[in-house]
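Colleague: Listed here are the chains, written in short residue letters.
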Amino acid sequence: MTRLTPTFDRLKSQGKAGFVAYVMAGDPDAGTTLEALKGLADAGADVIELGVPFTDPMADGPTIQRAAIRALDGGMTMKGVLELVRQFRQTHADTPIVLMGYANPFHAFGYAEAAAAMAEAGADGLICVDIPPEEDTELRGALESHGLSFVRLAAPTTSDDRLPQVVNHASGFVYYVSTTGVTGAKSGQTADIETAVARVRKASGLPVAVGFGVKTAERAAEIARVADAVVVGSAIVDALDKDGVEAAVSLCGELANATHTAREHK
Amino acid sequence: MTQPNAFSQFPDVAGRFGEFGGRYVAETLMPNILALEEAYARYKDDPDFVAEFDLFSRDFVGRPSPLYFAERLTEEFGGADIWFKRDELNHTGAHKINNCLGQVLLAKRMGKTRIIAETGAGQHGVATATVAARFGIPCEVFMGATDVERQAPNVFRMKLLGAKVHAVTSGRGTLKDAMNEALRDWVTYPDETFYVIGTVAGPHPYPMMVRDFQSVIGREAREQMLERTGKLPDVAVACIGGGSNAMGLFHPFLEDESVRLVGVEAAGKGLDGPDHAASLNGGKPGILHGNKTYLLQDEDGQITEGHSISAGLDYPGIGPEHAFLHDMGRAEYRSATDAEALEMFQLCSKLEGIIPALEPAHALARVRDLAIELGKGGTILMNMCGRGDKDVFSVAKALGVEL
Chain C
1 MTRLTPTFDR LKSQGKAGFV AYVMAGDPDA GTTLEALKGL ADAGADVIEL GVPFTDPMAD
61 GPTIQRAAIR ALDGGMTMKG VLELVRQFRQ THADTPIVLM GYANPFHAFG YAEAAAAMAE
121 AGADGLICVD IPPEEDTELR GALESHGLSF VRLAAPTTSD DRLPQVVNHA SGFVYYVSTT
181 GVTGAKSGQT ADIETAVARV RKASGLPVAV GFGVKTAERA AEIARVADAV VVGSAIVDAL
241 DKDGVEAAVS LCGELANATH TAREHK
Chain U
267 MTQPNAFSQF PDVAGRFGEF GGRYVAETLM PNILALEEAY ARYKDDPDFV AEFDLFSRDF
327 VGRPSPLYFA ERLTEEFGGA DIWFKRDELN HTGAHKINNC LGQVLLAKRM GKTRIIAETG
387 AGQHGVATAT VAARFGIPCE VFMGATDVER QAPNVFRMKL LGAKVHAVTS GRGTLKDAMN
447 EALRDWVTYP DETFYVIGTV AGPHPYPMMV RDFQSVIGRE AREQMLERTG KLPDVAVACI
507 GGGSNAMGLF HPFLEDESVR LVGVEAAGKG LDGPDHAASL NGGKPGILHG NKTYLLQDED
567 GQITEGHSIS AGLDYPGIGP EHAFLHDMGR AEYRSATDAE ALEMFQLCSK LEGIIPALEP
627 AHALARVRDL AIELGKGGTI LMNMCGRGDK DVFSVAKALG VEL
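Protein sequences, first through last, are from chains C and U. Reminder that position 155 of the first sequence reads as 155 in my numbering, one-by-one numbering, no gaps. Each number in my numbering corresponds to the 1-based position in the second sequence with 266 added.
The hints are simulated quantities; they were obtained by calculation from the structure and are not laboratory data. Every value quoted in this text rests on a predicted model; they were computed, and no experiment measured them. There could be a bad hint or two in this list.
Claimed, not checked - Examples of chain C residues lying across from chain U (beta carbon under 8 Å, computed):
(1) 109
(2) 135
(3) 158
What the hints assert, rightly or not - Straight-line C-alpha distance at most 20 Å; calculated EDC-like pairs for lysine to aspartate or glutamate:
(4) U:425 x U:415
(5) U:642 x U:347
(6) C:38 x C:243
(7) U:550 x C:138
(8) C:79 x U:564
(9) U:550 x U:285
(10) U:550 x U:564
(11) C:12 x C:94
(12) U:425 x U:655
(13) U:374 x U:303
(14) C:186 x U:457
(15) U:374 x U:311
(16) U:535 x U:609
(17) C:186 x U:451
(18) C:215 x C:254
(19) C:186 x U:458
(20) U:374 x U:457
(21) U:550 x C:113
(22) C:202 x C:9
(23) U:535 x U:571
(24) C:79 x U:565
(25) C:79 x U:566
By construction, the Cβ of each residue, glycine as well, lies at the ideal position given by its N, Cα and C atoms.
With the hints as extra help, turn the sequences into a complete structure.
Modeller: The following block contains the structure:
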């Protein structure tokens, strides 16, 4: 069992939604990312998604694309990403870390080797954007054999017929993409999200985190009232790029607080 | 040994050619991909669809394209007879339009109200805009910002044809980034949009569907060779970027065991350095743009930029069916450098009165070797997939000629 299940169990017993913070590994260098990871966890992020940079991030908007290029220009590699996880674990034993990226860097590393190295470094799972259920056998098998979660993405375009196939082998939580579009785009309507979250939760039996387009505390609170967790990526990456780690951490604190307290003010 | 029909039966139901191909896309697109697969299966043998494709192929594109005996090049090389399939005579000047016609007719039947496409040098963009204009469907083309600057005439052509051209600045602003951006657009507007991919790559069913539409090249050429020479050619040759003209030429010959199939990749400044676009000869298997295939990539699985003097070959991947035919040994994949392509560009212009595109000029460099290898009495069929009007400026520049 990964750190994800106890984390979501705790949040559930506290009656709170969780806050998931995304940061790109190596943007602009490893030292900054390590500082950010620790800061985000300390500022209230319940789960951290650590982006694995890729040259061709076809589901990401401009913010994450540019972050990936900065990270690659700064020399970040798969080994570098794993080293960041290892260093973070020396000070933070409990905050789950999920890697998020595209298939090719994992394929080049070798799925089995990547899964073994992730487990050894202290990662908890993987979100692989371009591995749909139709193509997941090899990668999923590798992750499962090392006790890692394979976090699935569900989208507004995922029909009721298709949903069971999508969540069939999911573990940890399900990431609901709140809108058709790329990361950082406008998020969907809250009423639609509420219906979708219920649908995905029922089909998967797992907590449902909602992301894509959440930028403000107000919006985070709205989502927190209907979902099990709120994911913020582009806004944090943007703050880090423009104003540095401190600004990103302070934004994370604000968003995490809004998420955690949202249901008190309902 | 192999079963009859074995090679032409691919892909399987999962869209795989052996270990290559597949559907590696974000979940948001998955339902679209499946809907496209279903629609294509429904219409591809539908008599009305086939009749409309044939009618517009004849009257709008100008098919069948002629088969031509390249007598003077045959003499020059001093070996096997060289025949050109003249797909450069198609409307818009290349084979690209065969596929655009098929996909736009399918989009119409699927009730899609918006066409998008990616383009490198602009040939596929122009062909898509041309067919979209004919059928009155709004068209938007994604093109790398650097290419927009370099290919101003094609940008203007697309605009004349009523298309909107987006200059893509994300990533490094090249063809692969244009494809990323088109995929992002499709993810954002999945319901109304039909994405016309320009080559035999991308998620299933694209590699199969594009191949099927382009196979008109090989079907016609096979028949024409039999009619003109009384036999099948010894070798069929085509250049390869993503590989659509080669796949279109090869596919109807896959079951003819006597016919050697030779694809020619762009070796750029040479395969020993980083400046080439030869995915099979200088890359390794990986996952990009929805399919598993050979890719130009570094040790860490990051995609590297291809280089070729021909913008149409400058793509870091190759269609998955080529990856399969390569690994199975059914087709051979060679390469030609920028310098060889430039030499052939000039030679073919002078001797045959045909200014070839730089892409087929690559193929011609290996046709020379094959002609000598086969010797007199042998026959070579080469697809002249595009005409060279678009390349005169870059060729002049490469030769140091001021226009």
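Colleague: Please go over all the hints and tell whether each is borne out by the structure.
Modeller: Hints, verified against the model:
no. : hint          : in the structure
1   : 109           : holds, 7 Å
2   : 135           : holds, 5 Å
3   : 158           : holds, 6 Å
4   : U:425 x U:415 : holds, 14 Å
5   : U:642 x U:347 : holds, 7 Å
6   : C:38 x C:243  : holds, 17 Å
7   : U:550 x C:138 : holds, 18 Å
8   : C:79 x U:564  : holds, 14 Å
9   : U:550 x U:285 : holds, 13 Å
10  : U:550 x U:564 : holds, 9 Å
11  : C:12 x C:94   : holds, 17 Å
12  : U:425 x U:655 : holds, 19 Å
13  : U:374 x U:303 : holds, 15 Å
14  : C:186 x U:457 : holds, 17 Å
15  : U:374 x U:311 : holds, 16 Å
16  : U:535 x U:609 : holds, 14 Å
17  : C:186 x U:451 : holds, 14 Å
18  : C:215 x C:254 : holds, 11 Å
19  : C:186 x U:458 : holds, 19 Å
20  : U:374 x U:457 : holds, 13 Å
21  : U:550 x C:113 : holds, 18 Å
22  : C:202 x C:9   : holds, 17 Å
23  : U:535 x U:571 : holds, 13 Å
24  : C:79 x U:565  : holds, 11 Å
25  : C:79 x U:566  : holds, 9 Å
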